[in-house]
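So the protein sequences, as listed, match chains A and B.
Numbering-wise, UniProt numbering puts 293 at position 293 of the first sequence, and it's gapless, one number per residue.
Numbering-wise, UniProt numbering puts 435 at position 435 of the second sequence, and it's gapless, one number per residue.
Read the hints as simulated data drawn from the structure, not as lab findings.
Heads up, some of the hints might be wrong.
Unchecked claim - Here are the simulated distance ranges between beta carbons: (1) B:G602 with A:S312: 28 to 38 Å; (2) A:E112 with B:S650: 25 to 35 Å; (3) A:A151 with B:P477: 52 to 62 Å; (4) A:P68 with B:G349: 29 to 39 Å; (5) B:L624 with A:K47: 50 to 60 Å; (6) A:S312 with B:A483: 33 to 43 Å; (7) A:Q142 with B:R649: 36 to 46 Å; (8) B:A113 with A:E166: 44 to 54 Å; (9) B:E110 with A:E166: 48 to 58 Å.
Since the structure is predicted, the reported quantities are computational estimates derived from the model, not experimental observations.
All residues carry an ideal CB built from backbone N, CA and C; glycine is no exception.
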Amino acid sequence: MMTSQNPTIQNQILQYGGGEGVSWKTLLSSIHNLLSPQGVSCLVCGKMISAIVRGYPELCHVCYASIPWIMKPRCYTCGRPVGCPDCSRQSAGSRNFILNRSAVAYNTTMREWLGQYKFRGHEAYGPVLSRMMGSAMTRMLQELAAEQGGASVHFDAVTFVPISEERLMERGFNQAELLARGAASVSGIPLLALLERTRHTEKQSFKNRRERLHDIQGLFQLLPDVADKLEFVLQQPSHKPSLRSRFTSQYNVTMAKSSIFSKPSDVPITLLLIDDVYTTGSTIDACSEVLLEGCSQLGRKGEIYCFTWARS
Amino acid sequence: MKICIYALRLAKGWKLEVTLDMRVDMWWWIKGGVLAVEQRNSKQETRDIEHRKIREVDNYGQDVKVMILLSNSMPLGWAITLCEGFTHQANMDNWTLDDWTSYMRLGLKEELALERKARGDGGRSERELKGRGRVVVGRVPIVTERDLVIMDRPSWLWVREKGLSPLGVSLIGQEVGDYGYRISSSKLDLGDDLREWDIAFAEADWLASALEGRSLLEAELQQLLAETAPRLVPAAWRFAAQLAHLQGRVQFTAGVAPATARPGQAPRLLSRRRAQAPRCRRCGSEVHRRTPCGSCGSSSCAYCEACLALGRSRSCALLLRGSARGTVPPAGSSTAGSTPTESLLDRWGLSPAQRMAAWAALRFLAEPQEAGNSARAQRGAGLLRRAALGAHHALRGGNDATASEESQPQKPRSFLLWAVTGAGKTEMIFPLLRYVLDQGGRVLVATPRRDVVLELAPRLAVAFPEEKIAVLYGGSPQRWVEAQLFLATTHQLMRFHRSFDLVIIDELDAFPYHNDPMLAYAAERCCKLEGRFVFLSATPPAALQREIVAGRLPHAKVPARFHGHPLPLPTHITMKRVEDCLHRKSIGTSLTRYLQVSISRGAQIFVFVSRIRHIMPLVALLRLRFPGLAIEGTSSQDEERASKVLAFRSGEIRMLITTTILERGVTVPRSDVYILDADSGLFDEASLVQMAGRAGRSKDDPAGVVVFASLEWSKSQRGARHQIKSMNMIARKNGFLRESKGGSGR
């Protein structure tokens, strides 16, 4: 990719979360809402926006209301909002990821939005989708924390499903990377590019289930510098926004410092893998498999959680 | 994409060029230059095949002195900006490579500033994402370093006295892999086998003719190649396209480029460019959105949001424009057979009114274009834009790279067929199409809506059984079909460039031409410089009507319907606002009385309202008032609109409440029209005339009822009534009406 000219690890990390600071954006967006001129039209339907939806100034009320958020997943494993025969059928051991959560259900409207962004290249949708990832990320972290009795889940890094070089040339951007930025930014988790495609394949959306499963064999591999990148983020003070860290920053630093030294190598590396749509789960499963392999190269176990924008 | 840019010193001066394959250009200029000199010195005819090919182009004899590679891979938009802003300066002969670097930095000042801005704070999208003051680690390094990564450094390629530089040798000797061609460095030959050259030139030939009259983005060209030339090695298109470009048959530009870049402009380096948004060169729209681009590496690559539906046009997208289609000799003057005779009109079964207008249009087409006409002609070309924009907004996009074209005296000329609703416009264009096709011309019929295209296609096929017709719309299977007769939705026009001898534009005043400079731009571009426009409209926009009054727009009126009955004249009744009626749950007695008459005469009833939100409550109210009658409502937001219209046409639905969405194109036999709130600002004169035109269209029931119901008798209503009345008067005067039914014209 473009950054490969500057091979320092620092530069390979696309984004790093820090925990501090007042959000200028929140402040400004409310002022902006007050001052925003009349006559902004909705990104989706093109109608004039009469009342601004908080956090989504590009959308009108009607279009915002059409987002089918998944507030409570029915299937623990794949995050489907409806009962899920796939996950009960699958034997539990064969899956390489722990679970998947999705921001929205993949209905016709969402398909249209993603299509506008990804295939048409209407990149104005990017910030909207990315913000959707952010709010769903918060929700997911809460859900997982509640499950673990209030202790928040810690992710070492966020990564994303890669696209091929040919596709990048043609499309100009990787939609999963943008979504990953959205998810990483709210949670302050470092965002790393860890995977690449071994070959260029036809668009997944044109294929049936069997073809996809067959096609996915050996499709992904680790980038050459994965070990360095992971080492780097594992050595950083923990950015996990735990309850304890709120007491004092002093305390936070010591806690963080002690945590590297105390971290035994049998504590798994936890990664959050991002993609746009979860259909059969074969893509993220294949990526998870490769990521687990990367963890084992570091002599560590890995735990891969998946987070997708839409669940079909 | 990224592209290679180089400078070369020709006998007449310095020149910047972009290339898709440097090897082709080196061969072209160096070998070509050497051969030219040799030939001039020896005056000896060689039978060298390369020589033969070079001689075919006008670059022949322009001996090249120096070639400098400025950048091996630069964002295409930047390279195009540099090329278009370039002018020769005498001291360039003494420039060092560093001078060229600073020249490029200066020429790309704005681009680099944008880049710095986008990068400096992580880019806009990133800044948005940074959210609560989070830090971006691994921020891209300082801009100056990155500039060079994106731009590359200049280096010598070839100097005539010294020969190829090591870089030049290595570029030419490069393993070519899947390009399919090999150029050997020693002799600058394209491989040992001369057949390779023949193939390369044949492919370039083929590509140039496939692009003739077209304007395609690289991605579209790829689709075209995949469908029509599957044998061409995928990567070989670059070689072929570059060869065609050097031959001057294909023009390279960027999908989006600065609005002010103008060939032959004073050195842009010194002049201060106005901060103007760049423009899309495919659709002419202003472009405001910039994003980081994985394809060219720029962090601030602009893309056009207006024409996304046809594939994304952006700063770094290569836009290929073929040469204009070959000209058909202007009809009339020289060749005897080309003068139209009225007998051309006989086979189409036209009514007297249609016949008269079609004859006027035919004579207009046959009129030779003289030099003296140019001023008048030029006027005609701007009409479309003026029609789209209103008289006072000139489309500033006109002054991009084709400014030189714009100032050419020869411009497409236009003719307006002002035909009342239900006049039978389609039949009238048949003789025009026939005439131009018989001259060997290419014709295009453009219409705003896809369903009209689909409806018209079989009719054209019947009328022109021997012609190959290409039917183009979003998702059409015939996208890359070549034909003489094209039928297309307006958006498809953007894929053509100086391609047609006759462009017929249906429903000129309808969306999407109306107020959409993008489509006006596209329509203007697709016509040959000496081609003609024929506009069809029942309600031409004010700007065109003024042109008519001023006598500047040739036109013909078709004042009568094909069945020879006058247009139904609107009756006004006073009625409360729909809002109030709904509030009081009563539609008032006069409207009820009229509706009752329509119902009992068995008519299909259109009720037009100004607001979508009135539709459903009004349906409920009317259902209460007329129980047992099938009443439905539909609007642009109704997914079942098509099926409801069908049901209404067949009589299953008797009364349809709707908005201006159905003001055009819908023909329902035996229909009456009611327009409520006719004084609403949302109904202008044109749309009132169009809505009124839904009534009385069939031969069996020519005298439908049209009612304007409103509180006030507004200017638009008066205007609409006046327009209808005067059309009827003209029709009567010309004897187009069947006098037996004269009663309803009053």
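Quick rundown of the hints versus the structure:
Judged by the Cβ atoms, the range 28 to 38 Å given for B:G602 and A:S312 is violated: they are separated by roughly 51 Å. Evaluation of the 25 to 35 Å hint for A:E112 and B:S650 yields a pass: the beta carbon distance comes to about 32 Å. Taking 52 to 62 Å as the suggested C-beta distance range, the pair A:A151 and B:P477 conforms, at roughly 59 Å. Range check, A:P68 to B:G349: about 56 Å between beta-carbon atoms, so the 29 to 39 Å window is missed.
Between B:L624 and A:K47, the C-beta spacing of about 31 Å breaks the proposed range 50 to 60 Å. Checked against the given bound of 33 to 43 Å, the beta carbons of A:S312 and B:A483, roughly 41 Å apart, stay inside it. About 55 Å separates the C-beta atoms of A:Q142 and B:R649, a value inconsistent with the hinted range of 36 to 46 Å. Range check, B:A113 to A:E166: about 31 Å between beta-carbon atoms, so the 44 to 54 Å window is missed.
B:E110 and A:E166 have their C-beta atoms about 31 Å apart, which leaves the hinted 48 to 58 Å range violated.
Consistency note: the structure conflicts with the earlier hints numbered 1, 4, 5, 7, 8, 9.
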